[in-house]
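Chains as they are written, first to last, in our numbering: chain A, 6 to 783; chain B, 143 to 246.
I should point out that these hints are in silico values taken from the structure, not numbers from a laboratory. Check before you lean on any hint, since a few could be wrong.
Stated by the list, open to error - Reference listing, derived: stretches of chain A covered by chain B, where coverage requires no fewer than 3 residues with Cβ under 8 Å from a Cβ of chain B:
(1) 584-593
(2) 659-669
(3) 683-694
(4) 754-764
Beta carbons are placed, not taken as given, at the ideal position from N, Cα and C, and that holds for glycine.
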Amino acid sequence: MFKTLKSKIIFTSFIMLTLLMSVFIFFAIQSRMFTKQLMVQNYRYSIDALFVNDINDSIMTLEDNLKSLALIGGLHYRTSRSDELTDEVVIRIFRNYPHTLGGGIWFKPYIFGDNKKYNCFYAYRNKDNKVVLDKNFASAEYDYPNQQWYKEIISKVTPKRNIVWTKPYYEKIGSTTKMVTAGTGIYAKGKLVGIATVDWEISSVIKNISKMKPHEMKFSMYKTGKKIKNSFVLLGHADDDYIIATNDPYLDGDSLVGHSLKEIPWYAPDLYGTTYFTYHGKIYTPFFWKLPNGMVLVICLPKTEMFINVDMFYFPFTALILLFIFMIFVRVYFGINRYIINPIDKLIDIAHKISDGKDVNIKIDKPAEFAQLASTFDTMTKDLKIITKEKEHINSELNIAKSIQASSLPDVFPPFPDRDEFDIYAFMEPAKEVGGDFYDFYFIDENRFMFLIADVSGKGVPAALFMMTVKTLINNLSQVGYEPQELIKVINNKVCQSNKQGFFVTMFAGIVDVETGDITYINCGHNAPLIKSGIGEYKYLECDSNIVLGAFEDFDFKIVQSKLEVGDTICLYTDGMTEATNQNNEMYGEERLLEKINKFDNDDIYTMASDMKNDVIKYSEKIERSDDITLVIFKYKNKHNNVRKTIYKAPASQENYKDFYKWLHNICDQWQINDELKNKLDMCGEEIYANIAFYAYPQTEGDIRVAVLKDETQVTLKFADDGIPYNPLEKPDPDITLPPEQRPLGGLGIFMVKEMADDIQYEYTNNSNILTLKFNLQ
Amino acid sequence: MEIEIKNTGIDGLYAKTSGRLDLDSAVEYGVAIKDALTDASEDIKELVLDFSEITFISSFGLKVVLELYKEMQAKQGTLKLKDIPEQLKNSFKMVGFDKFLDLD
Numbered sequence: 006m007f008k009t010l011k012s013k014i015i016f017t018s019f020i021m022l023t024l025l026m027s028v029f030i031f032f033a034i035q036s037r038m039f040t041k042q043l044m045v046q047n048y049r050y051s052i053d054a055l056f057v058n059d060i061n062d063s064i065m066t067l068e069d070n071l072k073s074l075a076l077i078g079g080l081h082y083r084t085s086r087s088d089e090l091t092d093e094v095v096i097r098i099f100r101n102y103p104h105t106l107g108g109g110i111w112f113k114p115y116i117f118g119d120n121k122k123y124n125c126f127y128a129y130r131n132k133d134n135k136v137v138l139d140k141n142f143a144s145a146e147y148d149y150p151n152q153q154w155y156k157e158i159i160s161k162v163t164p165k166r167n168i169v170w171t172k173p174y175y176e177k178i179g180s181t182t183k184m185v186t187a188g189t190g191i192y193a194k195g196k197l198v199g200i201a202t203v204d205w206e207i208s209s210v211i212k213n214i215s216k217m218k219p220h221e222m223k224f225s226m227y228k229t230g231k232k233i234k235n236s237f238v239l240l241g242h243a244d245d246d247y248i249i250a251t252n253d254p255y256l257d258g259d260s261l262v263g264h265s266l267k268e269i270p271w272y273a274p275d276l277y278g279t280t281y282f283t284y285h286g287k288i289y290t291p292f293f294w295k296l297p298n299g300m301v302l303v304i305c306l307p308k309t310e311m312f313i314n315v316d317m318f319y320f321p322f323t324a325l326i327l328l329f330i331f332m333i334f335v336r337v338y339f340g341i342n343r344y345i346i347n348p349i350d351k352l353i354d355i356a357h358k359i360s361d362g363k364d365v366n367i368k369i370d371k372p373a374e375f376a377q378l379a380s381t382f383d384t385m386t387k388d389l390k391i392i393t394k395e396k397e398h399i400n401s402e403l404n405i406a407k408s409i410q411a412s413s414l415p416d417v418f419p420p421f422p423d424r425d426e427f428d429i430y431a432f433m434e435p436a437k438e439v440g441g442d443f444y445d446f447y448f449i450d451e452n453r454f455m456f457l458i459a460d461v462s463g464k465g466v467p468a469a470l471f472m473m474t475v476k477t478l479i480n481n482l483s484q485v486g487y488e489p490q491e492l493i494k495v496i497n498n499k500v501c502q503s504n505k506q507g508f509f510v511t512m513f514a515g516i517v518d519v520e521t522g523d524i525t526y527i528n529c530g531h532n533a534p535l536i537k538s539g540i541g542e543y544k545y546l547e548c549d550s551n552i553v554l555g556a557f558e559d560f561d562f563k564i565v566q567s568k569l570e571v572g573d574t575i576c577l578y579t580d581g582m583t584e585a586t587n588q589n590n591e592m593y594g595e596e597r598l599l600e601k602i603n604k605f606d607n608d609d610i611y612t613m614a615s616d617m618k619n620d621v622i623k624y625s626e627k628i629e630r631s632d633d634i635t636l637v638i639f640k641y642k643n644k645h646n647n648v649r650k651t652i653y654k655a656p657a658s659q660e661n662y663k664d665f666y667k668w669l670h671n672i673c674d675q676w677q678i679n680d681e682l683k684n685k686l687d688m689c690g691e692e693i694y695a696n697i698a699f700y701a702y703p704q705t706e707g708d709i710r711v712a713v714l715k716d717e718t719q720v721t722l723k724f725a726d727d728g729i730p731y732n733p734l735e736k737p738d739p740d741i742t743l744p745p746e747q748r749p750l751g752g753l754g755i756f757m758v759k760e761m762a763d764d765i766q767y768e769y770t771n772n773s774n775i776l777t778l779k780f781n782l783q
Numbered sequence: 143m144e145i146e147i148k149n150t151g152i153d154g155l156y157a158k159t160s161g162r163l164d165l166d167s168a169v170e171y172g173v174a175i176k177d178a179l180t181d182a183s184e185d186i187k188e189l190v191l192d193f194s195e196i197t198f199i200s201s202f203g204l205k206v207v208l209e210l211y212k213e214m215q216a217k218q219g220t221l222k223l224k225d226i227p228e229q230l231k232n233s234f235k236m237v238g239f240d241k242f243l244d245l246d
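With the rest of the complex left out, here is chain A (with noise of 0.2 Å):
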């Protein structure tokens, strides 16, 4: 999948990035949740410092407004002050605290007597916020001895001057607003005389409550400035257990006001700013206080603004981070693109320019490794095309020396054209430019030819060079006039001495005396020639391999004498012929070999050589030779330059027998045998050809090969099968004297072919039967 140097670097900065990113992300997220934390902390601060002091000052203000009234009830019931002093203090007393509402001092019915029963002092802020004293209470009509607020503050206040807060309750007289009212007792010699009050408002509470709405606080972490919207407070009477004013901007105004705080759902007095409930749509975060009077103080502020700092930081930080590591990317995969693939990318380029064998000016600028490395490559380049050069020269003086190898091998043919008694031809195909095999022929006397192959270990110009020598060795050695045995080893004495290099050589040779036929043959550690002999197949020759040349001195080489028939032939092949591979390995090989060569049943051996040779280059053509390949082919004729062979071969059957006396009429006709002989050929040739085509297979199918050869004197024709072993002539002759009627019908061809041959032989050699028969000429 990551082949390419490319992907997997790109793989590889994507993977360390994703991880980056990642770690940074966590480290992100954790850093807004402590933020967040701190955050809230912070805002309990500011809320503590700009908002609940406020609150409690005010209540403190009012609480402490109420005290002093209590006092004042307090004196003038005990001094038996004017009412209009009292009236001128009440009134002094709401001028100096602007909040509140009104308030006054009411005594107990009849605390001064049967004869009055409503003693009150009650001032309150008119509408043009003037203090003004209100004596309508002091009436029967209202009897504010049995107000609620009267009864419920009354029975709740101690000598220690508690404060009691009422429920927010609507007052009949006066204004319809819906109010509260603080209260404390008036003791007199620890006595209760009556109670003093202070009214609130619900919705001036609110008022002020608004007014300090936390659109000041300011997160001092980030001074953006943002004002918290959609923050809501509600004020609450903890021990009694409802709500005195709220200021929530979903209410219809104060219908919460009175209820009770249990009632809402989200109540946790003692958690702030870790708790979060939804409110008409709305996720707040409530803060509670508990002031010091018993009431509770809820703020509640919207999340989302509560943070909108910190998300407005690190929103766009994290994209912009990610941004960051893309742009790392991008850079990455360009830079790699440019600074490594595209480089890389330029040399494989200019390589194949190269080997193209075109000149290319090598030459990268940036980066400096590669600009080094094409500096390298240039370098190399210029030294490879002297290198090349020089090896150009090489090469050229190699196949010089190719063509003097070459042309030290004889290769005109026939190289005698005066002499009848043989044919030979021979080729040498080098591996490489120059190579270690070789062969020669000459006549070391007037009537014996010498005929050798070789081949030198090893290969190229050290191979070509012993070769050269052996073989200019050889050639001297066989003209001084030893005989065969005493020959070899004179010449493996003197290989031996002239080789410092450990070269060793393998050689065939043969001597043949061409009148006689006689052959010596002598193998120094060389494969096996084949031979061809009289009809039969092509068979490896019998001869002792001895061992090769150049390997110990004065050893004692076997040679082999024979005798060579007219028309037998001798291949010396290297084993670069068996050993040449094809592409897939496979090796020519000796059957191959075989199967070839004796295809070939004609007198040319120059179409023979030369269909072997192409047979073999072609099956190793699409590869280099490792090895020479060499062969050499002798056919002995004999001293009569007019002997002709021809053979005949193909399967043994009576259908085939119209074929086989056509070829023998032809061959007839082309040599001018005179009609009684032909008519004889006819009969013999008819009579054994039937004996073998009904006689010789009779389970299997098999050949019969004929051949005819002519000399002066002589026609010969021999017959050869692979059949079961049968002479013929062991059959008894018929007796022609007979009368007829006693006369056998068979026996009576192979009578006649004894009578009409001048020499018959039989012999039954190598698995075949052979039958020679011999016509004389005259």
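Put chain B on the given structure of chain A with help from the hints.
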């Protein structure tokens, strides 16, 4: 091979062919004439084999001649060879057929 076979007179048979009487053709030749001898309405007393256009005779041909001779002898008839070419006469002589056949 073509063989011309015809009756001559009341009890005569005449056969003529051309070319070789050898491994290929001799048996066919012999069978054809023997069939003609058997098929004849009268006993054949004289069989004449015209050799004027025979170019070659081998032992197979000679064997057929001997068979026919024996057959005619059994029928108490005669076998005559007509116009044997000179070069074939040696073959007949070689196997001693001149002893009972008139070659001329």
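Going through the numbered hints above, which ones does this structure break? Give me the numbers in ascending order. The structure conflicts with hint 1 only, although it agrees with all the remaining ones.
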